[in-house]
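Student: The whole structure should be built from the sequences, with the hints applied where relevant.
Keeping their order, the protein sequence lines are chains L and W. My numbering puts the first residue of the first sequence at 315, with every later residue one more than the last. My numbering puts the first residue of the second sequence at 4, with every later residue one more than the last.
If you are wondering where the hints come from, they were derived from the structure by calculation, not from laboratory data. Be a bit skeptical, because a hint or two may be false.
Unchecked claim - Chain L stretches covered by chain W per the calculated footprint, using a threshold of three residues with CB under 8 Å from any CB of chain W: (1) 563 to 573; (2) 703 to 714; (3) 750 to 764.
Stated by the list, open to error - Residues of chain W placed beyond 10 Å of chain L at every Cβ, according to the derived structure: (4) 15; (5) 24; (6) 28; (7) 73; (8) 92; (9) 110.
All C-beta atoms, glycine included, are put in the ideal place defined by N, C-alpha and C.
These are the residues of each chain, in order.
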Amino acid sequence: MYRPDAPESNTASLKWALSVLNDAAQTPPSNLLPLMPVDDTSIACVICARADGSDEYEQHDCGQIVRWHLNEVDHKFQGAVLDSDAENYLRSVSEELTARKADLHLIKKIAEKYQREYVIAGKTPRGWVTRPVQLACQNVIIGLSAFQHDPTFDGLRVPVYLSCEVPHLATHESNRALAALMLCDAFHNGGTMEIRFGARGREQEVPPGLRRYGRSLGLPLGAEDQYAITPAEARELFLAVTPMADELWARAIDFLDRGLTSPERLCYTLLAPIWRDIELDYLMATSSRAVSILEGGAPAESRRARLAELEVSRAALMIGMFYRCVDKDDRAGHPAEVRVFEDSRVGVGWTVNGNDGVVAFTNLPHGKVIWSAPERQPIVVGANRLLFVVPRSLPTPADWECVRNLQLAAPHAAVALLAPVDMAATIPPALPLIICPDRLGEIDIQIESKLQKSRISRT
Amino acid sequence: MSIEKRVFVRMPEGLSAHVLDLAARGRTALSRAKKLPSGDRTEAVRFESLHAAIDQLAIAAIANGELHEVLSPVTVGDDIAGPSVFGPGLPRPEGVTCLITQWLQAGSVVVELRLPHFPGTTHLSGRPGLGPPAPAT
Numbered sequence: 315m316y317r318p319d320a321p322e323s324n325t326a327s328l329k330w331a332l333s334v335l336n337d338a339a340q341t342p343p344s345n346l347l348p349l350m351p352v353d354d355t356s357i358a359c360v361i362c363a364r365a366d367g368s369d370e371y372e373q374h375d376c377g378q379i380v381r382w383h384l385n386e387v388d389h390k391f392q393g394a395v396l397d398s399d400a401e402n403y404l405r406s407v408s409e410e411l412t413a414r415k416a417d418l419h420l421i422k423k424i425a426e427k428y429q430r431e432y433v434i435a436g437k438t439p440r441g442w443v444t445r446p447v448q449l450a451c452q453n454v455i456i457g458l459s460a461f462q463h464d465p466t467f468d469g470l471r472v473p474v475y476l477s478c479e480v481p482h483l484a485t486h487e488s489n490r491a492l493a494a495l496m497l498c499d500a501f502h503n504g505g506t507m508e509i510r511f512g513a514r515g516r517e518q519e520v521p522p523g524l525r526r527y528g529r530s531l532g533l534p535l536g537a538e539d540q541y542a543i544t545p546a547e548a549r550e551l552f553l554a555v556t557p558m559a560d561e562l563w564a565r566a567i568d569f570l571d572r573g574l575t576s577p578e579r580l581c582y583t584l585l586a587p588i589w590r591d592i593e594l595d596y597l598m599a600t601s602s603r604a605v606s607i608l609e610g611g612a613p614a615e616s617r618r619a620r621l622a623e624l625e626v627s628r629a630a631l632m633i634g635m636f637y638r639c640v641d642k643d644d645r646a647g648h649p650a651e652v653r654v655f656e657d658s659r660v661g662v663g664w665t666v667n668g669n670d671g672v673v674a675f676t677n678l679p680h681g682k683v684i685w686s687a688p689e690r691q692p693i694v695v696g697a698n699r700l701l702f703v704v705p706r707s708l709p710t711p712a713d714w715e716c717v718r719n720l721q722l723a724a725p726h727a728a729v730a731l732l733a734p735v736d737m738a739a740t741i742p743p744a745l746p747l748i749i750c751p752d753r754l755g756e757i758d759i760q761i762e763s764k765l766q767k768s769r770i771s772r773t
Numbered sequence: 004m005s006i007e008k009r010v011f012v013r014m015p016e017g018l019s020a021h022v023l024d025l026a027a028r029g030r031t032a033l034s035r036a037k038k039l040p041s042g043d044r045t046e047a048v049r050f051e052s053l054h055a056a057i058d059q060l061a062i063a064a065i066a067n068g069e070l071h072e073v074l075s076p077v078t079v080g081d082d083i084a085g086p087s088v089f090g091p092g093l094p095r096p097e098g099v100t101c102l103i104t105q106w107l108q109a110g111s112v113v114v115e116l117r118l119p120h121f122p123g124t125t126h127l128s129g130r131p132g133l134g135p136p137a138p139a140t
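Tutor: Printed below as a string of structure tokens:
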């Protein structure tokens, strides 16, 4: 903690922290008071209320702890909330640092045992085995934990939970990711979503880092039982750690409001990931059978229902594959440039028109669209950077008509039918076509695997 | 949200025997699937891949100008079990038009496809305001 009485030359002094804060790449608001360092390049600051009331933060934000990055970062990551107040923040950091050495020793022991009994022995662990988890980003370990299903309370036991803030990650990202892994494990094991911490018989309180993350979201974790995250708290936390685009969120809320599915299943589907966000958005937007698909699909004997589910799943899968390809700036094949395996997304957006089963892609790169059918008129994205895609694995004349109608309705946008490679021959040559490189059978294998993962015996 | 419709395709004569053979193999796979332990989907996957081949043939037939009829779903027998191929010696479909009945009476093989992408608004099931199920405790 920065000391007001220490000389300015001391890096633990408040004066030194204030001068560093004022020299930050992005000028901080004048009512931020440095509290303590978060990492080498960011400082935890408390938001102070000003006497004249001219706060740059809202009045209700005063007292909160925010993280100010000293280097240039995207504005949306600057000043993110670390905790609700200084007392809780300092106490939680102190508890975390005090327990860190013992926790590191414990996780090492768990990892060694796991290595000996399962990795070297080549055995797959069951859910009740204590499994160590290490979370890393760009070769930096940001989280360590261990999970096991505990039949004594039919929930998840977490003997160790360690997380930290690092300069290259957004605030609380390690807690978000570790919490997501923890909740997915709890769901996957099929028990209740109750999560208890510490070893059996020597229970510990909800980890301070996780409580701090909860407070930053406005979710009091461990409020009902200080040693556990209750199923109701887990539900709220699951929703908070699962990223969803606005449109998908609106559809999810509609499904939840109608009692069609549980938040846990939706979040698990996205985070596992069984279906990716665009795929789930498409399923929910276009099919009244989305709930059945999320629960593993109709039985094979109900062939008609099964075909309807398969057809919408195939379309979702193809649109997901296509989206991941167009949203990536892969430099492979550019001889003058080095291929970098980093986040190379270009920020393509999508909107699903549920009534027609059409996906509108926005912000696409100019030029010829990938997967354009080679012997047809190439599909070129124009200045409006807009492309309408009609994904169909069994295209009928009604789908051809849908493409033609779209061409008439949006003459300046690129429009195309997206079909598997073995169905391309059934589509009229004049129709703009994008060919998914997978055959129908290969797509079905992927869907079978997704549906199998979804068949978890809970509602 | 798009809506589902039933598409009945009259298969060309040259393909009828092949489609009936695929359907028969599908039925056999399905009966074998019932004897397998719970969770073993080997035969169910085989059944589905045989029917995927039939579906592809039906779509190719439509593209080649074969007759087909699009009907709205019926409530009775909507999701009934069994394959969706109709022809000589096989059960007749329910709730179909006279034209489809005529095809079948003339000895044609008819494939039913349930396709979900026809334009329209499908009502979601569930009741607004019901809320998600309570968390398991």
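Student: All hints are to be evaluated individually against the structure, with a verdict given for each.
Tutor: Hint by hint, here is what the structure shows:
1. Under the rule that three or more residues need a Cβ within less than 8 Å of chain W, the assignment of the stretch 563 to 573 of chain L holds, with 6 such residues.
2. With 7 residues carrying a beta carbon less than 8 Å from a beta carbon of chain W, the stretch 703 to 714 of chain L meets the three-residue requirement, and the given coverage holds.
3. As drawn, the stretch 750 to 764 of chain L meets chain W at 4 residues by the rule of a beta-carbon pair under 8 Å; at three or more, the given contact holds.
4. Separation of residue 15(W) from chain L is adequate, the least Cβ-Cβ distance of about 14 Å exceeding the 10 Å criterion.
5. No Cβ of chain L comes within 10 Å of the Cβ of residue 24(W); the nearest lies about 17 Å off, and the non-interface call holds.
6. With a least beta-carbon separation of about 14 Å from chain L, residue 28(W) lies farther than 10 Å from that chain, consistent with its non-interface assignment.
7. Distance to chain L contradicts residue 73(W) as a non-interface residue, since its nearest Cβ pair spans about 7 Å, not more than 10 Å.
8. No beta-carbon of chain L is positioned within 10 Å of the beta-carbon of residue 92(W); the least distance is around 18 Å.
9. The non-interface label for residue 110(W) is consistent with chain L: the shortest C-beta to C-beta separation is roughly 23 Å, beyond 10 Å.
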